[in-house]
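Colleague: Single-letter residue listing:
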Amino acid sequence: MHSNLAKPRLLWLQGVTCNGNTHSFLNLHSLEQLLSKFELLYHPSLPALFSLEDLSKCHQKCDILIFEGTYDPMMQRDGISLEKWLQHYSSCARYVIAVGTCASFGGIFKASAPERSSGVLFDADKKSGPLVTIEQKVINLSGCPIHPEWLEYVLMMISAQKEILLDELHRPRELYSNLAHHGCTRNEYFEWKVDAENFGEKEGCLYYTQGCRAPMTHASCNKILWNDVSSKTRVGTPCFGCTESDFPRRDLFSTKTNMSIPVDVPLGVSKRSYLTLAGIAKTFHIKRLEGKLIDYKTVR
Amino acid sequence: MTTKQFVEQIEGEASIYFDIKDDKVEFATITFPHFRGMESILKGKSALDALVITPRVCGICGHAHLMATVRALEDVYKNSSNPVSLSTKAEVIREFTLVIEMIQNHFKWIYLSIIPELIKLTQTTRIQTPLKGAYASSLASKAIAVFAGQWPHSSYMLPGGITSDPTNIDILKATSYLDELILFFEKETLGVTLEQFLSFESCKDFASLQSDVGFIESTLIDVRMNTKGFAYDRFLVIGKHNFSKPSKMKHTRSFHVESALVKSVKPYAPQEKSFALNAVYKDDYYETGPLARSMSNAVPVIKNIHRRFKDSAYSRVMARVFELASLMQEAKLLLEKIDITQPSYNKPVDFSKISGSGVGVVEAPRGPLLHRVEVQNGVITSYEIITPTQFNIGSSTQENPTPAQKAMIGVSEAEAMFIFKTFDVCSVCTTH
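Keeping their order, the protein sequence lines are chains A and B. The numbering of the first sequence is the numbering used here, which starts it at 1 and goes up by one. The numbering of the second sequence is the numbering used here, which starts it at 1001 and goes up by one.
Calculated directly from the structure, the hints in this document are not laboratory data. For clarity, every value in this text was computed on a predicted model and none was experimentally measured. All residues carry an ideal CB built from backbone N, CA and C; glycine is no exception. Watch out, some of these pointers could steer you wrong.
[Claimed, not checked] Only pairs whose alpha carbons sit at most 25 Å apart, straight line, appear in this in silico DMTMM-like list of lysine to aspartate or glutamate: (1) Lys1240/B / Glu1336/B; (2) Lys1078/B / Asp251/A; (3) Lys202/A / Asp1170/B; (4) Lys1004/B / Asp54/A; (5) Lys1273/B / Glu53/A; (6) Lys202/A / Glu1091/B; (7) Lys1043/B / Glu115/A; (8) Lys1120/B / Glu39/A; (9) Lys1120/B / Glu32/A; (10) Lys57/A / Glu1008/B; (11) Lys1045/B / Glu115/A; (12) Lys1353/B / Glu197/A; (13) Lys202/A / Asp1350/B; (14) Lys1347/B / Asp251/A; (15) Lys126/A / Asp264/A; (16) Lys1045/B / Asp264/A; (17) Lys1173/B / Glu203/A; (18) Lys1187/B / Glu32/A; (19) Lys1240/B / Glu1091/B; (20) Lys297/A / Asp1283/B; (21) Lys1078/B / Glu197/A; (22) Lys223/A / Asp264/A; (23) Lys292/A / Asp1170/B; (24) Lys1273/B / Asp54/A; (25) Lys1347/B / Asp195/A; (26) Lys1187/B / Asp228/A; (27) Lys1043/B / Asp123/A; (28) Lys1263/B / Asp1222/B; (29) Lys256/A / Asp1350/B; (30) Lys1132/B / Asp228/A.
[Stated by the list, open to error] Negatives, chain A to chain B, calculated, CB over 10 Å: (31) Arg9; (32) Gln161; (33) Val269; (34) Lys282.
Work the whole structure out from these sequences, hints included.
Modeller: Here you go:
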């Protein structure tokens, strides 16, 4: 039988945040099993071994540091600067998991103090955050917020002492090699270049007018569904690219176009290839894709 | 003597500075340390981008912020003579997801806040069950995600309606999650059926409960919280919904309420800088949230409790517990009202052609949430957010204390710490 001492010690620390990742984590269906594998030193809403007041003395050590929120060195928690919190707990930790886009790249709250704030390892896509010297420890779980299963995956891999392959932005490849577009229920409309005419419809692709970033965004939102139920694009909301280092972009509900062609084409596809394919696809008129999927009013 | 207490796990943190005399709180000031500058982040953005930014004010009530934003933007349309029309379907679905977010909040408050605090206050050995709160909340989130794609941080409402176009399959799915949640609530929290609980008319009815709610109610009485934690006995409800009736109340008398009379004022906190502004209605402090809503709705059992125990900590806690039950019933009714044949979205004029100002008010879990926006050719020039915790838990002077400050006077420090949490504090919202 494993003793409690053998369990990795987990500390959840927050920078400048909205608590979105904290609450998303509470949605995890296997929360109890997961927590049983770790010793929880602190979490912003779950009971844990210590209070923030105990931990601010920086006498304890953790094995895994979860950091949520933008890193602002001047921000204080219990009178101790984030700089000191992060320095102490990241130096003893074997892993630092940046949860959310704020902790990964700066995110929304970088704008609170742009001159000094960043993610823990990256500032947007530049590797210039405070943990540069121990970058091998850092795993970025970008997303606004994270999906709880992404964090579960990382923690379980660590617990099982398995290697986690990371991409150049330190995100686990098994979670971020997909695009948000993969698994979208509107894929056929994308293939045949049929736009969604409006919001609030089951039909059509949101990439051409409504600002959808799914074909340019590394995320598994349409593969590992949100709340086990759905995703933004499945309910007709465009993907805002929240897992990428440039989130939040501007004009999130409209597609930037040049001569009615989207300025940003699907990731890794040359503009020429895209235009050629789109041009051909658009010449076809596929009746099934142009009408309503279900017409509740006239079909009996 | 002044003592400082650091309060954690309230969606962030706060500090309370107590002036103690003869072991009782003579006065207390409250500070919220974390500033994020949401209002300036919004300035210069396209109006619709606010739908993505403002839910990120708060991880626990982001949906309320989304709804406040969409109402504010629709008000801009209206005030610039381009009114937006909403289908009943869009309105009902918005209302449903808002109600479910409140249910999610109240569950977490019961299991992650109030039960642990009662255990701490009474030093009993009862086992904490935080995961009951997490489980119930995750079920609630699923019901939101059916229409909103995800929770937290959905942006599925926009001027003119909603982005989703549900089928009967979706409605059935949401119904099934809600039914499961109600079963859980009956079995794990109430100990009676929802229907039986909602038929309670007197606080004596709670006495028979051998359940988590029974524990909360009897412990509150044991520690005499029915005689402590009084604020002004003045209440404010501003958000208009099926489940709420806007009203300004003094004791049980109801008056007309006007959101324009709400303003924020600088806090009084001599010991430490606080980034939270106090919210006042015509220069006066009012309590907001479930107790206020129940008083305004004249809910029989809460009126009965109020008649006996006024706006005590007991009444405040029981009003939130009871509201959770009535919101479940409300959510069921809303699902039955959805007519899927109606449009989800009526496209309004392009926002780039719109200039003007607008106000969006909703009832969030803790009370009225106000968003005020000014837009110039579709670009935000000014954005103001006033959150419920600013009404309840501001920090003012001894002569004119806020509801939470007033409620903590005259009790022990430990009791004051408990009473503070009966307001269901949201630190992140307060400092936004």
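Colleague: Evaluate each hint against the coordinates.
Modeller: Evaluation of the provided hints:
no. : hint                  : verdict
1   : Lys1240/B / Glu1336/B : holds (20 Å)
2   : Lys1078/B / Asp251/A  : holds (22 Å)
3   : Lys202/A / Asp1170/B  : holds (12 Å)
4   : Lys1004/B / Asp54/A   : holds (15 Å)
5   : Lys1273/B / Glu53/A   : holds (19 Å)
6   : Lys202/A / Glu1091/B  : holds (18 Å)
7   : Lys1043/B / Glu115/A  : holds (18 Å)
8   : Lys1120/B / Glu39/A   : holds (22 Å)
9   : Lys1120/B / Glu32/A   : holds (23 Å)
10  : Lys57/A / Glu1008/B   : holds (16 Å)
11  : Lys1045/B / Glu115/A  : holds (20 Å)
12  : Lys1353/B / Glu197/A  : holds (20 Å)
13  : Lys202/A / Asp1350/B  : holds (22 Å)
14  : Lys1347/B / Asp251/A  : holds (17 Å)
15  : Lys126/A / Asp264/A   : holds (21 Å)
16  : Lys1045/B / Asp264/A  : holds (20 Å)
17  : Lys1173/B / Glu203/A  : holds (21 Å)
18  : Lys1187/B / Glu32/A   : holds (20 Å)
19  : Lys1240/B / Glu1091/B : holds (12 Å)
20  : Lys297/A / Asp1283/B  : violated (53 Å)
21  : Lys1078/B / Glu197/A  : holds (24 Å)
22  : Lys223/A / Asp264/A   : holds (23 Å)
23  : Lys292/A / Asp1170/B  : holds (18 Å)
24  : Lys1273/B / Asp54/A   : holds (23 Å)
25  : Lys1347/B / Asp195/A  : holds (16 Å)
26  : Lys1187/B / Asp228/A  : holds (24 Å)
27  : Lys1043/B / Asp123/A  : holds (22 Å)
28  : Lys1263/B / Asp1222/B : violated (39 Å)
29  : Lys256/A / Asp1350/B  : holds (15 Å)
30  : Lys1132/B / Asp228/A  : holds (19 Å)
31  : Arg9                  : holds (19 Å)
32  : Gln161                : holds (26 Å)
33  : Val269                : holds (26 Å)
34  : Lys282                : holds (23 Å)
In this structure, the earlier hints numbered 20 and 28 are contradicted, and the remaining ones agree with it.
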